[in-house]
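Taken in sequence, the protein lines are chains R and E.
So for the first sequence, my numbering puts the first residue at 1; every next one is plus one.
So for the second sequence, my numbering puts the first residue at 1001; every next one is plus one.
Quick caveat, the hints were computed from the structure, so don't treat them as lab data.
Cβ atoms here follow ideal geometry from the backbone N, Cα and C, with glycine treated the same way.
Be aware that one or more of the hints could be misleading.
Claimed, not checked - Here are the simulated distance ranges between beta carbons:
| id | chain 1 | residue 1 | chain 2 | residue 2 | range |
| --- | --- | --- | --- | --- | --- |
| 1 | E | N1070 | R | M62 | 44 to 54 Å |
| 2 | R | R523 | E | G1022 | 56 to 66 Å |
| 3 | R | G103 | E | G1022 | 46 to 56 Å |
| 4 | R | E73 | E | N1070 | 28 to 38 Å |
| 5 | R | E73 | E | Q1042 | 24 to 34 Å |
| 6 | R | S101 | E | N1070 | 14 to 24 Å |
| 7 | R | E73 | E | T1037 | 38 to 48 Å |
| 8 | R | E73 | E | L1041 | 20 to 30 Å |
| 9 | E | Q1042 | R | R80 | 14 to 24 Å |
| 10 | R | E73 | E | G1022 | 19 to 29 Å |
| 11 | R | L48 | E | N1070 | 13 to 23 Å |
| 12 | R | M62 | E | K1085 | 23 to 33 Å |
Claimed, not checked - Partial list, computed: chain R residues near chain E (C-beta under 7 Å):
| id | residue |
| --- | --- |
| 13 | E27 |
| 14 | M34 |
| 15 | R51 |
| 16 | G58 |
| 17 | E61 |
| 18 | I70 |
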Amino acid sequence: MTSLPHVRRFLRVDRGSVDVPGGVADELDFHFAMTIDELMAKGMSRELATREAHRRFGDLEMTRRGLQHIDQERVSNERRARWWSGMTQDLRYALRGLRLSPGFTLGVMLTLGLGIGANATMFSIIDPLLFRAPKYLEHPDRVNRITVGQMNLGTEYYRESFGYQQYQDFIADTHSFSRFVATWSSRLAIGSGADVKQEQYVSGVSASFWQMFNAPPALGRYFSADEDRIPAGEPVLVISWPYWQAHYGGRRDVLGQHLQIGKLDYTIIGVTPRDLLGLSLRRSMGFIPLTSIAANVMPDRGEGRRFYNGYSFNWLQLAAERKPGVSAAAATADLQSAVLRSYERRREAEPSTPPASELQQRAMLSPVQSEAGPNRSTATKVGTWLVGVALLVLVIACANVGNLLLARALRRRREIALRLALGVTRGRLLGQLLTESLLLSTLGAGLGLVLAAWGGAVVRHGLTPDAESIGIFSDSRMLAFAAIAMLIAALLCGVAPAVMVLRSDLAGALKSGAREGGFHRSRLRVTLLVLQGALSVVLLVGAGLFVSSLRQVQATPLGYDAEHVTYVEQNMRSAKLTDDERYHLLDRLLARAQELPGVVAATRTTSVPFYMDWSEDLFVPGVDSVNKRGEFVLQAVSGGYFKTMGTRVLQGRPLNDADRDGSELVIVVSQSMAKLLWPGVNALGKCVKISADSLPCRNVIGVAEDIKRGSLSDDPGLLYYVPISQFPVGAFGIFVRTAAPATVAAEQLRRALQPEMPGTAYLTTQPLPDLIAPEMRSWQLGATMFTVFGGLALLVASIGLYSVIAYTVTQRRQELGVRVALGASAASMLRLVVGDAMRMMTVAVALGIAGALIAARWVGPLLFHTSPRDPIILGGVAVALLLVGLAASFAPAWRAAHLDPVTALRSE
Amino acid sequence: MAELDLLQGTLDLIILKALIWGPSHGYAVARWVAETTGDDLQVEEGALYTALHRMEKRGWIAAEWGLSDNNRKAKYYQLTPVGRKQLHDKTELWNRYAHAVSAILRTA
């Protein structure tokens, strides 16, 4: 028997690799050596002893392998257990630390939660717009939307709608694509009679559409090419899963049932899978053959001109799937020649179209997500900016949390140095610090997801109200995103303390205690603080710019009082009325509306701001080529128009009921139109001819103020008004002015007027504010989000500033105490500490303003009548941040000024 | 008397018992077992090492490398608290088992 005390230890296990076979061999060698020695001592020869030893042992090779196997398992078990116990130890340690300072933990959780939540929110909105392929799409990498770039007055614009004939040409003239898909959607009334539901989106798709998706119908079947043929296709309908659930309770006998859509009766033949949206982000109630929706909606335009012939009618969106192995470049070239050939055919049919060389058409395979293509909407642009803003918020949050963690690490500096001296590896310490920041960011990410689920709905409603939303917690991409954001946050937050641990110089820290080293090291904190301040400035400048834009938008005179005006539109459906009958119907609606209580005035109309325009060629004696000077919008109205709209007539008189068929031909023009056509001259009494030069003059009797009709920012305001009885262009709808706001009155109006409608015809009412709202939306959202984020950033930055100053003051107690002891006045102490803070803030402001000026180039186009370099906004933000710096540093400065020198000096 | 085959689990018990007086290497354990049981129990040494390693994996015994009396590198095994408890429990179990069996045999 042996004992251990004098034995040197071989700590093999603690080294990274363990030599298992070597250990087993050593052990067995020892065993055999001992056995043989013993047997030889008893008088056996070496040879005999060896044989006897092996006999006693049994199958050596098998045992050796068995032992190695067992040891191998043991070693890896031990390694796992060690890793796990280190991990849980770190975790427990971190948890204990966090529990001991609940204020810190809560603050960090909130800061990171807001940062991660902001990013998760924006990602959940931007992802489907720009990155996520449509659900069920079989070969998303080979599917593109078709876009044609084309020159117009020196700038290229991107055309994404095409004619049916062009669609057929592309199919016939290309060889790189396995299929083309054409889609179009429209809002149509669903149901019939008293059951007519409000209009819903219905998608018309080519039969090839279904082959692009790997998604068998939830019920029934899809339609085939036989059912999607010109001229009218078959009236068959594949309803969407949600519509099936909502309106048929998911019943299987829905197949074969009939449903009126628009003016046709459709047979339901199938139900789509639950999440199939097609190539769009907007949910349709169902899918019908493309040719069928065209036959349903598009009027026959006479002389055999139908939706499927001729080139001048562009209504389809096209997508194409490349054949496997065909590169995007080759397919683009193939499509390019098809575009040119198709255009040549068009020139043959319509010789008046400009030559191809003028248009410089360029075929493009755009991303399948339409918003990722060349024609991005303002919502997407603003959304992309908000992604940047959210990232800034996260960086600020991380800088702040890093700062706080660093402060904790500094406070534990001596402890850390001691542990390093005792042989704890830096890796282990780093692991511990990272565990802490990972734990914090996990808590933050959890909170962030909750915030995103809640805030995402609000933001999405503001940015992309039509898009189908995604479930934050059930979506793997969202969860992956949150996890990545969490890891990045953990790393960013943990970097500062980690750097400190890696660089910390042991001896110095142990000797000097917390004081000197701590003060020196807080330079890193100052850097983080300045970074936060600078980023806050950038965000606040953004907030200022967007708020200013929003105010400008809201203050823009529209030239009418949208608040109280409702547009009432008639949808004739199958009711066959002659134009005259429809005019009478409109007059009846008008008369009925005027009798209703709460109605102030009403008028007939042919153009609706932000909704539809009507224009005709104009001829003005003495003015050449009037029609090349701009687009003049015709507004044929009945008397009372100006009263209804609240548009002022600046000169002359408005139209009234006495201006009728047979009386003097009159016209009222807008101010801009008057200035354009008769610069410097009184427009009253001038002659304008509509449609043809040969027609008689219309006498300008009034000049009305400009109105916004197409865009809030740069509408040319060219508009003219004629009595509808003198220029019956068509039967559209009526405007009604009510005492109550239009948004309240619209539905009452619809109910009161609907009984006037014959047969299945029905009315829709649209409050004008609803038509203008989308124009405001991106600014509204930009202003709100920038303000919220900017405010958050400012709050976080000021907390950071306060904590750094307070910490610095604590670190410098001794030095400050000496100053007080030597007779420094309270005022000079205040100046000293506040001065420090203001120096930091000045640097932060300078950097932030520089950053904002650099960003100005890109943010400029998003603003409305606001310069991205607006000195008042820049100056205001600078002053605001300096004031916040002053406020944040005052309390610690006050404490420094009133230090008791004796305690301060003794405390070290 | 015929050679007895070891009952299942008994080898473990014997090894635990062998280690009760302090750390010991495999060779010593093998010697002790052979000496204590005389020729009644034939323990193949390969099986003994396998048992040692298996118990080390289970955490009943811990191993350390050291030097033997004649200055050779040897692997020393030692009971862990878990192993000590195993020894206690298994001894009790074995005794009850032996009593029960012999009681049956007596009445027969």
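Hint-by-hint comparison with the structure:
1. A hinted range of 44 to 54 Å for the beta carbons of E/N1070 and R/M62 is inconsistent with their spacing of about 29 Å.
2. A hinted range of 56 to 66 Å holds for the C-beta pair R/R523 and E/G1022, which are about 58 Å apart.
3. Distance hint check: the CB atoms of R/G103 and E/G1022 are about 55 Å apart, consistent with the given range 46 to 56 Å.
4. Against the hinted window of 28 to 38 Å, the Cβ-Cβ separation of R/E73 and E/N1070 comes to about 32 Å, which satisfies the hint.
5. Separation of R/E73 from E/Q1042 is about 28 Å and conforms to the stated range, judged on CB atoms against 24 to 34 Å.
6. For R/S101 and E/N1070, the Cβ-Cβ distance of about 60 Å falls outside the hinted range of 14 to 24 Å, so the restraint is violated.
7. Remark: the range hint 38 to 48 Å for R/E73 to E/T1037 is contradicted by a beta-carbon distance near 30 Å.
8. Look at R/E73 against E/L1041: about 28 Å separates their beta carbons, and that is inside 20 to 30 Å.
9. Separated by about 38 Å at the C-beta atoms, E/Q1042 and R/R80 break the suggested range of 14 to 24 Å.
10. Restraint check, R/E73 to E/G1022: a C-beta distance of roughly 27 Å satisfies the suggested window 19 to 29 Å.
11. Separated by about 21 Å at the C-beta atoms, R/L48 and E/N1070 satisfy the suggested range of 13 to 23 Å.
12. One distance hint, 23 to 33 Å for the beta-carbon pair R/M62 and E/K1085, holds here, with the actual separation near 31 Å.
13. Here the hint on R/E27 is kept, as its CB sits about 5 Å from the closest CB of chain E, short of 7 Å.
14. For the restraint placing R/M34 at the interface with chain E, the shortest Cβ-Cβ distance is roughly 4 Å, inside the 7 Å limit, so the hint holds.
15. Contact between R/R51 and chain E, as hinted, is not supported at the beta carbon level, the nearest pair being about 14 Å apart and thus beyond 7 Å.
16. The beta carbon of R/G58 is positioned within 7 Å of a beta carbon in chain E (closest approach about 4 Å), and the interface hint is therefore held.
17. Hint on R/E61 is violated. Least Cβ distance to chain E is approximately 10 Å, over the 7 Å limit.
18. Using the Cβ-Cβ criterion of 7 Å, the hint placing R/I70 at the interface with chain E is satisfied: the shortest such distance is roughly 4 Å.
This entry does not satisfy hints 1, 6, 7, 9, 15 and 17, going by the numbered hints stated previously.
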